Amino acid sequence: MAETSTNILLQHESISPSNSVKKLGGLLVSIVLLAPLPWMALVIAVGLIWDQAWLRFRKTAAADQIGNVLARLATKVARGMMKDERDAPYLYSLFGIGVYTPALFAGCFYWQLQYGDAAGWWTAVLVAFAYHVLMMGPYFRFFAYISTLVHKEGHAPRGLFKDSFRIFNKAFGWFLGPFYGHVPEAYPLGHLRIHHKHDNGPEDVTSTLEIDRSQPSQWLVYLRQFTLYWTGISIVSYFARRRQWPQVRKMSAGMFFYYGAMATFMLIDPWFGFAYFMLPHLCVIIYLAAINYTWHTFSEPGDPENEYVNSVTILNGHYNVFNEDYHVTHHQRPQLHWTQVPQDFEKNLAHYRDNRASLFTDTQEFEMFTWIMMKRFDLLAQHFVDLSGELSEDEKIALLVRRMKPAVQAS
Numbered sequence: 530m531a532e533t534s535t536n537i538l539l540q541h542e543s544i545s546p547s548n549s550v551k552k553l554g555g556l557l558v559s560i561v562l563l564a565p566l567p568w569m570a571l572v573i574a575v576g577l578i579w580d581q582a583w584l585r586f587r588k589t590a591a592a593d594q595i596g597n598v599l600a601r602l603a604t605k606v607a608r609g610m611m612k613d614e615r616d617a618p619y620l621y622s623l624f625g626i627g628v629y630t631p632a633l634f635a636g637c638f639y640w641q642l643q644y645g646d647a648a649g650w651w652t653a654v655l656v657a658f659a660y661h662v663l664m665m666g667p668y669f670r671f672f673a674y675i676s677t678l679v680h681k682e683g684h685a686p687r688g689l690f691k692d693s694f695r696i697f698n699k700a701f702g703w704f705l706g707p708f709y710g711h712v713p714e715a716y717p718l719g720h721l722r723i724h725h726k727h728d729n730g731p732e733d734v735t736s737t738l739e740i741d742r743s744q745p746s747q748w749l750v751y752l753r754q755f756t757l758y759w760t761g762i763s764i765v766s767y768f769a770r771r772r773q774w775p776q777v778r779k780m781s782a783g784m785f786f787y788y789g790a791m792a793t794f795m796l797i798d799p800w801f802g803f804a805y806f807m808l809p810h811l812c813v814i815i816y817l818a819a820i821n822y823t824w825h826t827f828s829e830p831g832d833p834e835n836e837y838v839n840s841v842t843i844l845n846g847h848y849n850v851f852n853e854d855y856h857v858t859h860h861q862r863p864q865l866h867w868t869q870v871p872q873d874f875e876k877n878l879a880h881y882r883d884n885r886a887s888l889f890t891d892t893q894e895f896e897m898f899t900w901i902m903m904k905r906f907d908l909l910a911q912h913f914v915d916l917s918g919e920l921s922e923d924e925k926i927a928l929l930v931r932r933m934k935p936a937v938q939a940s
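FYI, in the numbering used here the residues of the sequence shown are 530 to 940.
None of these hints come from the bench; they were simulated from the model.
Because the structure is a prediction, the values reported are computed rather than measured.
Among the hints, erroneous ones may be present.
Restricting the straight-line Cα-Cα distance to at most 27 angstroms, the calculated cross-link-like pairs of lysine-lysine (BS3-like) are [said to hold, decoys possible]:
id : residue 1 : residue 2
1  : LYS779    : LYS726
2  : LYS904    : LYS876
3  : LYS779    : LYS699
4  : LYS699    : LYS681
5  : LYS681    : LYS779
6  : LYS726    : LYS904
7  : LYS612    : LYS588
8  : LYS691    : LYS681
9  : LYS681    : LYS876
10 : LYS779    : LYS691
11 : LYS876    : LYS934
12 : LYS612    : LYS691
13 : LYS551    : LYS612
14 : LYS726    : LYS681
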């Protein structure tokens with residue numbers, strides 16, 4: 530009798546007017562957040578064509594020679610500038626993309642002020658589209674490297690550079706990141722102090738545990754949640770509830786800088802402020818909400834703190850930037866140098882086997898996200914690595930789907 534009464538109460542709550550209004554409001558917010566998708570699809574399509582040309586060039590002898598020269602130069606410069614010369618590849622982005630993208634931005638700003646109004650609406654849109662393609666890079670490689678380096682910088686609170694060059698210690702987060710939709714301080718505070726502290730647990734502001742990841746529509750719930758994180762709102766709220774005011778001030782300063790710059794460009798030229806500052810921000814929210822959702826789309830219902838399950842590891846990945854594909858190792862030993870991560874994985878292979886880790890091969894995050902959205906659990910299973918060799922394809926599918934169910938009770 531008590532169980533029947535409880536079921537009736539739950540059914541009543543699920544169809545209550547307030548709950549319906551809340552769901553409708555959430556749907557409308559999601560539609561607004563997804564508005565950049567057609568634009569993003571076109572940018573990605575052109576970027577993929579560019580990437581094919583880039584991949585062909587990389588196979589040439591000239592590319593090898595240029596690469597070798599740049600590698601030697603970067604290593605030499607890193608010895609003088611950086612605390613760890615193994616981070617020499619970071620300099621390609623700092624001095625390559627770090628000059629290229631701001632110059633591109635400044636050129637477009639000049640063009641918009643001088644010729645934008647006279648050029649006509651469609652020309653202004655085409656120039657903005659060209660900027661997005663060129664800024665993101667072939668198959669958004671420039672974006673991927675800058676985002677990864679904002680992440681790496683966030684994990685180096687004492688800085689990546691020697692004292693004589695400490696001016697560069699926040700270059701990715703405060704200078705380059707904003708061109709790519711990143712709010713300064715979000716990574717060192719939201720990612721390092723919250724996400725890594727709670728490891729996707731219930732108190733993590735980007736946790737996926739309450740969401741049924743086997744249902745594609747539930748990603749819209751996560752998109753709204755991730756938006757609050759990426760804009761800094763839930764980060765400030767998290768620290769304010771705990772009365773950690775220095776962190777509140779730091780995050781607020783980053784938000785003030787970023788959104789203040791956005792407002793300034795909007796006041797100078799509304800179209801430029803929207804197309805070159807706000808639109809990249811909205812697009813990046815979608816990109817990174819998809820990536821983080823994929824990294825943490827699995828959890829063991831009976832053991833949601835199992836790190837081998839609740840983070841994805843990708844072997845032979847198509848898009849492994851600075852070994853970010855070893856996400857379990859990143860959560861277990863976030864300060865481990867990126868060059869040592871593959872060896873750490875091999876050393877702990879038995880733990881991956883014993884825990885039937887969320888281990889995949891020959892894929893990448895966006896491909897996996899697409900399969901999740903299409904409910905192609907068969908494709909996920911085909912790329913799932915069963916180190917025990919005991920599971921059939923059907924058993925792999927059952928395991929993955931079970932691990933996509935909510936691991937904690939939604940509040």
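Hint by hint, here is what the structure shows:
1. LYS779 with LYS726: holds, 18 angstroms
2. LYS904 with LYS876: With Cα atoms ~34 angstroms apart, LYS904 and LYS876 exceed 27 angstroms; violated.
3. LYS779 with LYS699: holds, 13 angstroms
4. LYS699 with LYS681: holds, 11 angstroms
5. LYS681 with LYS779: Answer holds: LYS681 to LYS779 is near 18 angstroms, not above 27 angstroms.
6. LYS726 with LYS904: violated, 31 angstroms
7. LYS612 with LYS588: violated, 32 angstroms
8. LYS691 with LYS681: holds, 16 angstroms
9. LYS681 with LYS876: holds, 23 angstroms
10. LYS779 with LYS691: holds, 23 angstroms
11. LYS876 with LYS934: Violated - the C-alpha atoms of LYS934 and LYS876 are around 30 angstroms apart, more than 27 angstroms.
12. LYS612 with LYS691: Distance of about 5 angstroms is within 27 angstroms: holds.
13. LYS551 with LYS612: violated, 50 angstroms
14. LYS726 with LYS681: Within the cut-off at roughly 16 angstroms; holds.
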